[in-house]
Structures are given as C-alpha cells and as structure tokens.
Amino acid sequence: MMKSISTAIKAEWDLAIKEKIIFIVIIIIPLITNLLIGYEFSKGHIDNIPMAVYDQDNSSLSRMIVKQFRENEIFDIRYYLDNSLEMKKLFDESKIRVGIIIPKDFNKDVTELKSPTLLMIYDGSHMPIAAAAKSRASEILMTLKTGISIKLLEGKLNLPPDLAKKTALAVRFSNKTLYNPTGSYKNFLNMGFGTAIVQSAIALMAASAIRSHEMKGKKKNQIGNLMGKVAFYTLMGWLSLLTSIFLQNKLFKIPFRGNLLHAVLLSLGLALSVTAFSIMISTWIREKSIATAVCAIIFVPNTIMIGYTWPVLSMPKPYQFLADFYPFYHYADNLRDLFLKGIPPIQIYGDIIWLISFSVITLFMAMLGTLRYKTAFYKKAIKKEGENIVLS
Amino acid sequence: MSFPKMILKDIRNVLFDKDIIVILLLGPIFLTLLFGGVYLNSYIEDIPIAALDEDGSSMSRMIIQQFNEDDRFKLKYNVKTRKELEAIIDSEKAHMGIYIPPNFSQNIIELKSPEVVILVNGSNMVVGNNAYAQAANIIQTISAGTQIKLIESRGIVPAIAENIGMPFRFNDRVLYDPKMTYMNYLIVGFIAVFLQQVMLSGIGIGLIKNGEDIARGDIFKKIMAKIIATSFWGLSSTFISIYIASRLFDIQIRGNMEIALIMAITFIFAISCPAIILAAIVKDKLKFTQVAFMLSLPTFATCGYVWTIDQMPEAMVKVIKAFWPLIYFSRPFDEIIIKGLKFNDIKQNIIQMLIYTIAWMPIGIYFFKKRYNKPEKAEA
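As you go down the protein sequences, you meet chains A and B in turn. Just so we're aligned, residue 962 is where the first sequence starts under my numbering, counting upward by one. Just so we're aligned, residue -6 is where the second sequence starts under my numbering, counting upward by one.
Rather than coming from a laboratory, the hints here were simulated on the basis of the structure. None of these values were measured; they are calculated from a predicted model. Don't take each hint at face value.
[Said to hold, decoys possible] With a straight-line cut-off of 27 Å between C-alpha atoms, the simulated BS3-like cross-links for lysine-lysine are:
| no. | chain 1 | residue 1 | chain 2 | residue 2 |
| --- | --- | --- | --- | --- |
| 1 | B | 105 | A | 1137 |
| 2 | A | 971 | B | 276 |
| 3 | A | 1050 | B | 172 |
| 4 | A | 1069 | A | 1106 |
| 5 | A | 1065 | A | 1117 |
| 6 | A | 981 | B | 280 |
Work out the full structure: start from the sequences and follow the hints.
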C-alpha cells in the first residue's frame, strides 16, 4: 500500500510539472490574490468620503461645525452649495456620499435656547461608507453639543467653568474595542479572503483527481492511490495556506498574536478535510466537470456561507444549521482570532478534532466510492465488451 | 453562412443545451436565492452581552435594563469581576460587555462624571460596529437625560433645562437604503459577478468545444455569434435574479432597467475578451472551468464593489482597469438599480468598457486563431 501511495504522489507531481495547471490554481492564483487584497486593503480604513455642505446660517458657529468636518480625515468636503436640490442631484449622481444642512438662524436659535435641528444626509447604498461616516459625524456633533452645552451653562446659569463641564458630562462613557481597536478592514478581511481562495483551489483540483485509467488493479492499490492523492493535494493546499498566512503577517503587517503552531495545525486540518471531501466527490461523480461544479458551488462561496462577515447568528435557522458542516466554519474565525487576539488551545483543539473527524468520515466514503467506481468501471467495460462482440 | 444565420444556429444550439441551461440560467438564480437568504434579517439582533454592575443602584440597574430591552442585545451573563467580564468576551460567549463602576449613582449626584465602560469584541467588525453603535445610542440618551435632570435640580424649568442640555439636535437621513442593510449593499454586486462567471464559462467552454472550427474562416463573426447566443441566457438569468431580489428580498428598484440592460450588454462584450484569451491559453474545458471558478473571488474583491475605487490605491485601480472589466460594471450597475443613476452618470463607464473591448478583442481573436490553427502535438 505504501508503494501505491508514493506512486500516486509521484504521478500527481509529474502531472503537476507537465500540465502546470495544478501549480497555477493551487499556488499562483492564491498568491496573486493575497498580494492584491493585501495591497488593496493596505490603508485599512475608509477616509476622504466625498461630502457637500449647505450652510444656510453662515455664522461663526456654523463655520466652526463645518471646520470640524473639514479637518477630519474621514470626510472630504468637495462642494459648498446654495440649495438642497443641488445636494440631492450630487447624491443621485454618486458624486457625494455625505451631506450636512445647517438651517438659517442656527446660531441665534442655539443662543436663544430654541434647540434648532441640523440635518445629516448619507448615501445608504454603500453600507460600510455610510456606517463609517455616520459614526464619525455623530462623534463630532456630540462633542460640539457638549461644548456648547457647557458654554450655555456658564452663560445662562452663571456656573463656574468646572461645574458647567461636570454638569454637561453627567455620565461619560468610554469604549474599548478589543483586538481590532482601529477597526481596520485589512485586519478584518484579509485572512478570510486569502485562505478562502486556497480552499477553493484545493476543492477544484481534487474534484477531478480520480482518473478512470488509474482505477484498475487490486483493492489495496486502489486505496493506496486514493491516499496518495489525498496526501498530495493536502500538502499542496497546506503549503499555499501557510504562504497566505506568512504574506499577510510579514508583508501586510497583520498582527499575529496566537500560537503559530496552532495556525499550522489548523491549516493542515482544513487542507486535509477539503481534499478528502473533494476526492470523495471525485470517486462518486465520474463526470469531471460536474464533480468540479459541485465542489465549486460548495466551497467557492464559503466566506459568505460560514458567516465570516455577516455573522451566522443573524442568518435564518437553516443556514445556521448548515454552516456547522463546512470545514471553513471551523477554520476561518479561529484563524482571524489567532491573528488578532490569540485564543486558548482548548478552542482550537476542538475544531482541529472536528476537521480530523470530518476528514475520516469523508475518506471512508471516498473508499466506498472507489469500490463502487471500480465495480461500475468493470460493469461498463464488460458491457462495452459485449457490445463489441455483438457488433463484430 | 450569413451572420444572422450564424447567430440563429448558435442560439438554437445553446437554447436547448441542458448543460448550458443549468450553468447559465439556473446557476445564478439558485445562487441569488441562496445568498439572498443569508441576508434576510436586516439587523444583527440578540447579540449576546455581559454586564458587570459594581454599583448595584437603581440607576445602574436601569442602564443595564435598557440594554436588555433593546432588540439588538441579549443580556446573557451577569458577572462579578472585571476578569470574568474580560474572559467572557475573550471566549466570545459575549460580544460586548458593560461595566458600571462602584458608587456610579452617587458620583453622578456629586457631579464627578462617572464613566460607563463598554468593552467590544472587535474581531468581527460587523458585529462589533453594530453593537458599539447601538450601545453609544443608549448611553447618549441616558447621559442626556441625566444631564437635563441635573440642570433641573438647579431650579430651572424642564423645557429650558432640556434646551440647555440639547443646545441643538441633529437628524440623520439615510438615502436609498435607510436601514443600511447588507442585502442592499451586496446582492446586486453578487448578481453582477454571476453574470461575469456565466459569460466566462458559457463563451469559454463554447469556444473550446468548437475551437478548430471557429478558428477557420470568419473567426470574428463566429465568435460574435457565440457571444450573442450565450448572452441570451446570461442576460435572462441576470434580470430574473434582479426580479427575484426585488420581489423576495425587498430590493427597491429605482433605476431604469433599459440603462441597466445597456450596461450589462456592454459588459458582456468586455468580459468576452478575457474569456477568449483564457480559452486560447488553456484549450481544455475542465482546466478552463477550474481557472474561471478561481477568478470569481479575486475579481470581485478587487472590482471596487466591496471597497470602492476611491478607497483603493490609485496604481492598483489603473492596473485592474487595464486587465479586468468588472471594475467598470459592478458598482455602477448596482447604483443604476438601487439609486437610479442616469445614463449620463454611467456614460463614462460604458465608453471605457467599449475601449477595453476594442483594445482586447483583436488580441484575443488573434491569439485564439493562432492557438487553434496550430496542429496539436502527439499527446492530444
């Protein structure tokens, strides 16, 4: 059996050298993808959101508000307008994503304690930009509001500055965002995208790895052949996953706070389970393009289905149930946590055991598929032989 | 054979081809339903949170109750120490923690500005941001209320106290998608990528199947006929998917579908260029399928859809624009449908796609002809 395993590995390696597609799909495309997304998200944050201002008041207070927005890196004030219709037009043409309208007599109304209202407008069609703009604008306006409130307390109630400040800040609250304190998209997305492409590659190549002409010979050799292919694609995928982790950490400076060994073992678990599953498909579905399409539909959209961005806890129940069966579900969040926070071994081991169990079960089904494959292959051969006899 | 006859022949071929119907028509519809289901809930609700109340006053209990009563949160743990609080967030049993320090209530009365601490697990930004934004709302409301009460306690009438505490107000108006949902943000982009994938596969595999035949004679007309025939199913599935998104997933269609159609047709010709080149390089249906599937993630991630063009490094935008046309199509296509962009707003993108097609199509055809006119080596 060992011999047939090593023969299968060698045969697959020779094929990879000759055809190159295996290298291109499993190593080169993921490598380029990792470089592209690393570069694309290198800035990490949304900034310079195009903005328009319609200041009907044009007072020192309104100018101060506008100045706060102008000096904030999140916003880029590109238009100062004279009417709201113009602003609507700019929104409709996607030339701005944020707008502020300060009403007439704003300053006067504030001083006369009439509590005027200013209007913030956002383009909600691009959710992350709208969310970033909204949260920063609220911060700016809340700070301004507190500042004005302090001044009013001093002016109208004759409170000393210190007391005015303490009254205005009745309750303070501080926010401590753990693990990704700056809210960097790079830290949030890169590892998931960078490794998802590798698992798609493993799945697409392993789905067509079992070839009819190799399915001859003794049962023992069949199993050896199967194991050899599993070993080959697992190793190739593992190497590509580790390259992705290395690149994101070293080249794109995503902090890695966990235990590297855990990432290495977890990646091996993912490579093995995706390979085992795809080879299993390859033994059961002989038509290679169908087997490839089946694996593609299962594995390519994984970042969406396992809740890497939109969390599983907010998906409908059937999706929540389904997510647990994807190997990537047991990998991606753990990997991100290994990068951003470092997690206790017990959490990782649970998922590594899950990945191994998944691999064992699918390998067993792959062996059944191999035996069935062989029977079907011979039946077909016998039938063909019969037809030949009839024809002759 | 005349050009219209050629197209009719190709249409006849693709119209009843079972494989093509599955890939080009049913595939995108199935995936739209599948992905749409993921984002059915507009909000992230019932985020598990933990609380540590070291004050134990009616005020601190009221704050925690406010969180518990909010739809976004579900108070799952009441802990006793800061360590416990951090451990529970660390293990991700809770995504957010509220800490109220000792003597909180007393300190408010004594004007010592006590602090409520919100600990957020930021490793999943979507959950973290949602939790933080809502927590900030709740605390700010509580804070403003407390401030107004403190001013009132100085003998000021409530209405004036309120206006001193709230010297101005601000209203938020969110256009096009007031709820700022993931569904509206992503689904049309996915449909755009499905169109890319089905056209790549449909044209590429179609060309490989009849490569040598196509490479002989009037190759341009033959390839055009193939593209037009394939686009029949590609366009059908795209617009059926949009219809499904609007009926089933409440996507508001504000735009003009004719402009969307013009945009999609131009994109089909543009994306045909890499399909032809790829088909010429790999010359094998299976290999083509493998590479085409591999391209969906990197092309989607870099097309200015999830991360807009103005946020991307400039050099990268230039390189991508030169090599892959999805960047001209996906975000404007979405905004035609969701926001109602006019033809003038997307004219530039259409012109750029045409230039892309004019530049790459001859290269593709030349390359295809060269590869398929060359006799195969003995291995074939």
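For each hint, the structure was consulted:
no.: 1; hint: B:105 <-> A:1137; verdict: holds (21 Å)
no.: 2; hint: A:971 <-> B:276; verdict: holds (25 Å)
no.: 3; hint: A:1050 <-> B:172; verdict: holds (21 Å)
no.: 4; hint: A:1069 <-> A:1106; verdict: holds (15 Å)
no.: 5; hint: A:1065 <-> A:1117; verdict: holds (23 Å)
no.: 6; hint: A:981 <-> B:280; verdict: holds (10 Å)
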